[in-house]
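Below, each chain spelled out in residue letters.
There are 2 protein chains.
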Amino acid sequence: MKVLTFDVFGTVVDWRGTIIEEGAVLNRTKGLQVDWNKFALQWRAGYGPIMDRVRKGALPWMKLDDLHRLLLDDLLREFRIAGLTEDDKRHLNFVWHRLKPWEDVVPGLTRLRRKYILSTLSNGNVSLLVDMAKRAGLPWDLILSAELFHHFKTDPEVYLGAAKMLDCEPSEVMLVAAHPPDLKAAQACGLRTAFVPRPMEYGGEQKAGGADGSFDIVARDFVDLAAQLK
Amino acid sequence: MKVLTFDVFGTVVDWRGTIIEEGAVLNRTKGLQVDWNKFALQWRAGYGPIMDRVRKGALPWMKLDDLHRLLLDDLLREFRIAGLTEDDKRHLNFVWHRLKPWEDVVPGLTRLRRKYILSTLSNGNVSLLVDMAKRAGLPWDLILSAELFHHFKTDPEVYLGAAKMLDCEPSEVMLVAAHPPDLKAAQACGLRTAFVPRPMEYGGEQKAGGADGSFDIVARDFVDLAAQLK
Chain V
1 MKVLTFDVFG TVVDWRGTII EEGAVLNRTK GLQVDWNKFA LQWRAGYGPI
51 MDRVRKGALP WMKLDDLHRL LLDDLLREFR IAGLTEDDKR HLNFVWHRLK
101 PWEDVVPGLT RLRRKYILST LSNGNVSLLV DMAKRAGLPW DLILSAELFH
151 HFKTDPEVYL GAAKMLDCEP SEVMLVAAHP PDLKAAQACG LRTAFVPRPM
201 EYGGEQKAGG ADGSFDIVAR DFVDLAAQLK
Chain A
1 MKVLTFDVFG TVVDWRGTII EEGAVLNRTK GLQVDWNKFA LQWRAGYGPI
51 MDRVRKGALP WMKLDDLHRL LLDDLLREFR IAGLTEDDKR HLNFVWHRLK
101 PWEDVVPGLT RLRRKYILST LSNGNVSLLV DMAKRAGLPW DLILSAELFH
151 HFKTDPEVYL GAAKMLDCEP SEVMLVAAHP PDLKAAQACG LRTAFVPRPM
201 EYGGEQKAGG ADGSFDIVAR DFVDLAAQLK
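Top line first, the protein sequences correspond to chains V and A.
For the first sequence, our numbering assigns the number 1 to the initial residue and increments by one for each residue that follows.
For the second sequence, our numbering assigns the number 1 to the initial residue and increments by one for each residue that follows.
Rather than coming from a laboratory, the hints here were simulated on the basis of the structure.
With a straight-line cut-off of 27 angstroms between C-alpha atoms, the simulated DSSO-like cross-links for lysine-lysine are:
id: 1; chain 1: A; residue 1: 63; chain 2: A; residue 2: 89
id: 2; chain 1: V; residue 1: 100; chain 2: A; residue 2: 164
id: 3; chain 1: A; residue 1: 56; chain 2: V; residue 2: 164
id: 4; chain 1: A; residue 1: 63; chain 2: V; residue 2: 164
id: 5; chain 1: V; residue 1: 56; chain 2: V; residue 2: 184
id: 6; chain 1: V; residue 1: 63; chain 2: A; residue 2: 63
id: 7; chain 1: A; residue 1: 100; chain 2: V; residue 2: 164
id: 8; chain 1: V; residue 1: 100; chain 2: V; residue 2: 38
id: 9; chain 1: V; residue 1: 134; chain 2: V; residue 2: 89
id: 10; chain 1: V; residue 1: 134; chain 2: A; residue 2: 230
id: 11; chain 1: A; residue 1: 164; chain 2: V; residue 2: 63
id: 12; chain 1: V; residue 1: 115; chain 2: A; residue 2: 100
id: 13; chain 1: A; residue 1: 134; chain 2: V; residue 2: 230
id: 14; chain 1: A; residue 1: 2; chain 2: A; residue 2: 184
id: 15; chain 1: V; residue 1: 164; chain 2: A; residue 2: 164
id: 16; chain 1: V; residue 1: 115; chain 2: V; residue 2: 230
id: 17; chain 1: V; residue 1: 164; chain 2: V; residue 2: 63
id: 18; chain 1: V; residue 1: 164; chain 2: A; residue 2: 134
id: 19; chain 1: V; residue 1: 89; chain 2: A; residue 2: 164
id: 20; chain 1: A; residue 1: 89; chain 2: V; residue 2: 2
id: 21; chain 1: A; residue 1: 230; chain 2: A; residue 2: 115
id: 22; chain 1: A; residue 1: 89; chain 2: V; residue 2: 164
id: 23; chain 1: A; residue 1: 30; chain 2: A; residue 2: 100
Build out the structure end to end from the sequences listed, making use of the hints.
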């Protein structure tokens, strides 16, 4: 095994927590009373369906920033949030560029990097992932994104495209993710898999099912993953 | 300006010096008497013409590793180098993954990285650039390659594709290179340019002309570039 690829939203960074945190500031500065936990959950809930619309050709290919913005515009109406300028909306949309990592992430990646090539493998666009890494100090060796393949996970083109671009057999690449459907899809392409549950991703209710014994590794967090891969 | 992109072969790494160094080992272990300086220069000289054949459709799109291998097979015949196994040839072809940086590169990039997003912008394929960075400790924020755009520099698609992928205006991106033709092509796309001559690239004869006053910056090396961009 040469390369570890990582799902990002939920696995590496805490989207819900960061949106709540930035939302609290927005409530204060703009005099809003938004429930940002609910807002974050709904924003994220729109993500699967809107990618499906791209997959089925109902929407043209676009990067995740643009899909996030379509969803955001709907949510602003739904939550009756008025008084945001275009700059405010753009800034809020880019909260996905500023998501904060779980606390084990940087120490875990730093250890893993000594032995493996580390890459993102995310539906987030390249500029989003670069901004996030720069800000949070995530020590990736490279940024791989659905944007490079014009396919979103869980389409096989993403997993196989990553292996090919890295000049690896699929079995030389591992996907690390908190979401069994992502791991299952990677597994079907011949990749190895590490399941790292993130029980706080949705605020305490793990949404997407648990380990069923079919993953190569189940780890508590990235530091544990590094220990298991020694 | 947000992003510095870097030409790699010649600008960041010393391809001629590394090939000579590895060639000396090969002469010893395989009992060869090859002039590796000449070999390196000829290998590199084949690079422009073979990319042109891809550009004109005489060869299908392929990554630089594969173009290097086509050139290598011809050179092995021309230099009458026999007795290499397929593994030996593959290893020799991958010397481009092991090229060593000029000595100012790591300190210069380390300083520049505090302020800018740093990316490769090379005709080398992604896996080549990742291997090189890992080995030499080059602190890129991301790896951008001709491979992502299915165009080689100096085609405009590479420079404009990089800016677009980074969500930048061309004028927010600078190309750093030792080769005026690369810089001129970037300039024509609206990028900023920094010329860093590498007088030893060809062993003391600078091949590709000098500064003509049209580049935004002319720097002695990457440490000087960092000082000028403060």
